[in-house]
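Colleague: The hints should help you fit chain H onto chain Z, whose structure is shown.
Each chain, written out:
There are 2 protein chains.
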Amino acid sequence: MGLVVQKYGGSSVADAEGIKRVAKRIVEAKKSGQQVVVVVSAMGDTTDELIDLAGEVSPVNDGREFDMLLTAGERISMALLAMAIKSLGHEAQSFTGSQAGLITDSAHNKARILDVTPGRIQDSVDEGNIAIVAGFQGVSQESKDITTLGRGGSDTTAVALAAALEADVCEIYTDVDGVFTADPRVVKKARKIDWISFEDMLELASSGSKVLLHRCVEYARRYNMPIHVRSSFSGKPGTWVGNEPQGGQSGQGETSMEQALISGVAHDASEAKVTVVGVPDKPGEAAMIFRVIADAEINIDMVVQNVSAATTGLTDITFTLPKTEGRKAIAALEKARAEIGFDSLRYDDQVAKISLVGAGMKTNPGVTATYFEALSNAGVNIELISTSEIRISVVTREDDVDAAVRAVHTAFGLDSDSDEAVVYGGTGR
Amino acid sequence: MGLVVQKYGGSSVADAEGIKRVAKRIVEAKKSGQQVVVVVSAMGDTTDELIDLAGEVSPVNDGREFDMLLTAGERISMALLAMAIKSLGHEAQSFTGSQAGLITDSAHNKARILDVTPGRIQDSVDEGNIAIVAGFQGVSQESKDITTLGRGGSDTTAVALAAALEADVCEIYTDVDGVFTADPRVVKKARKIDWISFEDMLELASSGSKVLLHRCVEYARRYNMPIHVRSSFSGKPGTWVGNEPQGGQSGQGETSMEQALISGVAHDASEAKVTVVGVPDKPGEAAMIFRVIADAEINIDMVVQNVSAATTGLTDITFTLPKTEGRKAIAALEKARAEIGFDSLRYDDQVAKISLVGAGMKTNPGVTATYFEALSNAGVNIELISTSEIRISVVTREDDVDAAVRAVHTAFGLDSDSDEAVVYGGTGR
Numbered sequence: 268m269g270l271v272v273q274k275y276g277g278s279s280v281a282d283a284e285g286i287k288r289v290a291k292r293i294v295e296a297k298k299s300g301q302q303v304v305v306v307v308s309a310m311g312d313t314t315d316e317l318i319d320l321a322g323e324v325s326p327v328n329d330g331r332e333f334d335m336l337l338t339a340g341e342r343i344s345m346a347l348l349a350m351a352i353k354s355l356g357h358e359a360q361s362f363t364g365s366q367a368g369l370i371t372d373s374a375h376n377k378a379r380i381l382d383v384t385p386g387r388i389q390d391s392v393d394e395g396n397i398a399i400v401a402g403f404q405g406v407s408q409e410s411k412d413i414t415t416l417g418r419g420g421s422d423t424t425a426v427a428l429a430a431a432l433e434a435d436v437c438e439i440y441t442d443v444d445g446v447f448t449a450d451p452r453v454v455k456k457a458r459k460i461d462w463i464s465f466e467d468m469l470e471l472a473s474s475g476s477k478v479l480l481h482r483c484v485e486y487a488r489r490y491n492m493p494i495h496v497r498s499s500f501s502g503k504p505g506t507w508v509g510n511e512p513q514g515g516q517s518g519q520g521e522t523s524m525e526q527a528l529i530s531g532v533a534h535d536a537s538e539a540k541v542t543v544v545g546v547p548d549k550p551g552e553a554a555m556i557f558r559v560i561a562d563a564e565i566n567i568d569m570v571v572q573n574v575s576a577a578t579t580g581l582t583d584i585t586f587t588l589p590k591t592e593g594r595k596a597i598a599a600l601e602k603a604r605a606e607i608g609f610d611s612l613r614y615d616d617q618v619a620k621i622s623l624v625g626a627g628m629k630t631n632p633g634v635t636a637t638y639f640e641a642l643s644n645a646g647v648n649i650e651l652i653s654t655s656e657i658r659i660s661v662v663t664r665e666d667d668v669d670a671a672v673r674a675v676h677t678a679f680g681l682d683s684d685s686d687e688a689v690v691y692g693g694t695g696r
Numbered sequence: 268m269g270l271v272v273q274k275y276g277g278s279s280v281a282d283a284e285g286i287k288r289v290a291k292r293i294v295e296a297k298k299s300g301q302q303v304v305v306v307v308s309a310m311g312d313t314t315d316e317l318i319d320l321a322g323e324v325s326p327v328n329d330g331r332e333f334d335m336l337l338t339a340g341e342r343i344s345m346a347l348l349a350m351a352i353k354s355l356g357h358e359a360q361s362f363t364g365s366q367a368g369l370i371t372d373s374a375h376n377k378a379r380i381l382d383v384t385p386g387r388i389q390d391s392v393d394e395g396n397i398a399i400v401a402g403f404q405g406v407s408q409e410s411k412d413i414t415t416l417g418r419g420g421s422d423t424t425a426v427a428l429a430a431a432l433e434a435d436v437c438e439i440y441t442d443v444d445g446v447f448t449a450d451p452r453v454v455k456k457a458r459k460i461d462w463i464s465f466e467d468m469l470e471l472a473s474s475g476s477k478v479l480l481h482r483c484v485e486y487a488r489r490y491n492m493p494i495h496v497r498s499s500f501s502g503k504p505g506t507w508v509g510n511e512p513q514g515g516q517s518g519q520g521e522t523s524m525e526q527a528l529i530s531g532v533a534h535d536a537s538e539a540k541v542t543v544v545g546v547p548d549k550p551g552e553a554a555m556i557f558r559v560i561a562d563a564e565i566n567i568d569m570v571v572q573n574v575s576a577a578t579t580g581l582t583d584i585t586f587t588l589p590k591t592e593g594r595k596a597i598a599a600l601e602k603a604r605a606e607i608g609f610d611s612l613r614y615d616d617q618v619a620k621i622s623l624v625g626a627g628m629k630t631n632p633g634v635t636a637t638y639f640e641a642l643s644n645a646g647v648n649i650e651l652i653s654t655s656e657i658r659i660s661v662v663t664r665e666d667d668v669d670a671a672v673r674a675v676h677t678a679f680g681l682d683s684d685s686d687e688a689v690v691y692g693g694t695g696r
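Those protein sequences? They're chains Z and H, same order as listed. Basically the working numbering = 1-based index in the first sequence + 267. Basically the working numbering = 1-based index in the second sequence + 267.
Calculated directly from the structure, the hints in this document are not laboratory data. Since the structure is predicted, the reported quantities are computational estimates derived from the model, not experimental observations. Glycine included, each C-beta is placed from N, C-alpha and C at the ideal position. There could be a bad hint or two in this list.
[What the hints assert, rightly or not] Which residues of chain H face chain Z? A partial, calculated answer using Cβ under 7 Å: (1) Glu323; (2) Ser325; (3) Glu332; (4) Ala346; (5) Ser354.
Chain Z on its own, in the form it takes in the complex (with noise of 0.2 Å):
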């Protein structure tokens, strides 16, 4: 009998009406033979209620209580979720992060998963229950206290689980149909993916795409549990992700069954451009600024240095972060200055990245040439240039961002009605 792991999130248990058309797609799934484990996230916005009520209590955030309060609104949604599969005549039992072994190091509000035991868990489904159990939250290893996995958690729990109970599926219900091949908010034409690869979901991921965490796809492609995202509304097929295609799903058009060229094109207006100008061209230098942005824990994306100016000596050295981090950043660089020696900074923040993924290119001559003169043709300029083995990201004006993704999934043929295939000329990237 195979075994599923379905996670749903709060917008599709915000409710009453939601628990019950969420309890009636479990059942199905009960129905249809197999044994299943739902991880569930708090209903709607709970979460964001009792962080309010905590801003009125106290100024200061308390990690571990902080964590005691915030898993309070899981245990409402799974409680209720399972009443609500026990009154359609189903067995159902409710678990916390701790009874279904989630166990996570001791760093409250983003705790990793150490291991998992679900030894509960595999008992209460061969029994014939469906398992119900709390997103987001596990219990310390060394000090026992209750822990929350940060943002997203709900999702790695579930895939964690998938994995420790050798799931065949880890399936992640949501508002939308599944990933696209891009934000279909700014391409009306972007295209549902029947399947991407790990690698290029964890490049989607970091780029911008909202629709799973990083954190989430790494976990499941170091257990190499396939994913299957998708809609609790419409209970269509979503996007599959995993190492080849699974569960009758074909690739994309005409390259099934193959890795596709392109997956997609992700985009981010959330950071900022910092740019270190006038610094000296020796040993150590770049070390010190990352050091001074390092020590102000603040994670920094992109990174890129000019080739320094013969006359000077001197280079500029970029960087992007989030926009949040921007104040924090520029008041450490100022504050070493004249320890690192430089002359000035620049502050951007009216600027986005553009991501395009896939592992195809690696293996395709011309897809940067295509891709740059798609930016081109459109008017939109580059300011910054980042690659990986299967990523090339571009910063451009934030008012650039949706006329630069249009151009950029048009000539990479991912609109949804275009089925011209692509020819590249040109040597390589």
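Modeller: Here is chain H on its own, set in the frame of chain Z:
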């Protein structure tokens, strides 16, 4: 160093302001040099709101899932309370019932405490923390499932923890100033009781006094754990419940350091009266009647059997029970009429019970006479009488209950501006 367990009910922590007010009170106790363990209920109407949600999702009350759901309420209040204390510069940690070692049986919604193993709580206070414990909840010994203790369970949690931790006192904070000699809404001159014995408190609790539940007092008596019932709003000393006056409290007025003659007058209008008319006066008849009632899972209170009429050999048996059970009791008895062989049933829910409670009555003759004279002078007719060692209860018309309580309260010198000693004539009750 002394240890105090404080319990705060839902009305004391109904909102952020309430939580902050309670936090200040807790910190004061800690500053006075005591170790402090706090038991807290869910905020205000949280529990009712969760029950409503469950009703929307499913018509069936599933014990296990219901308990999982309801315990979210304390999880929220305890985490917020810990945060509020920390924002005042003191260390606090919150614990679920399970973490606090509240081990129960598996009777969901009404679990009994089997054991209390508060090792984590003791460690936490030994490290200098204020420990906050979720009231009302535990974990079942057998299945490790989350359980709840039923109505008023948080008071029982507090007393059980206090006993296991060998606390000096269990302080129960509520929205009234303590236990009164009568319901202050009925008797304007009702007096706050400074000290009352476990036995008298048990009788008051089972006679209609709502401040403490019978179960909690019973637990305290078994472990000889003094309870101090007081207001979380006023901060004034409240009522001590225990084997002897404690904490510098004197007894009532002139009888200080001695058992009070009469502790108070309780009343209860929630019961109805059933009379089984024309029962053959032979062995086994009463047993048959109460077996029928017990099989219907109805708890009864008073039972009175008249002396049978010599001419007919028939007698009447009257008992009281909660009004809410009246219909069920009548139906059950009607069904068994042929077997039992009675003539008819009478049902009356326009009655009330008035109880005079005080261990002093055992050794003070004339209490009954004074009691009944007071009722007679107030024009109140007595329909049933039932007594214990330290309590005399009568059933009257419901319309008469306020006048009756006031008359008795005055007759025994309990009125707050009355310092008269009451002199009894007669020969015992």
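Colleague: Now tell me, hint by hint, if it's right for this structure.
Modeller: Do the hints match the structure? See the list:
Nearest Cβ of chain Z to the Cβ of Glu323 of chain H: about 4 Å, under the 7 Å cut. The hint holds. For Ser325 of chain H, the suggested interface contact is upheld, since its CB lies about 4 Å from the closest CB of chain Z, less than 7 Å. Interface restraint check for Glu332 of chain H: the shortest CB-CB distance to chain Z comes to about 4 Å, inside 7 Å, so the restraint holds. Of the supplied interface hints, the one on Ala346 of chain H holds, with its beta-carbon coming within about 4 Å of a beta-carbon of chain Z, less than 7 Å.
Because the beta carbon of Ser354 of chain H sits about 4 Å from the nearest beta carbon in chain Z, less than 7 Å, this interface hint is met.
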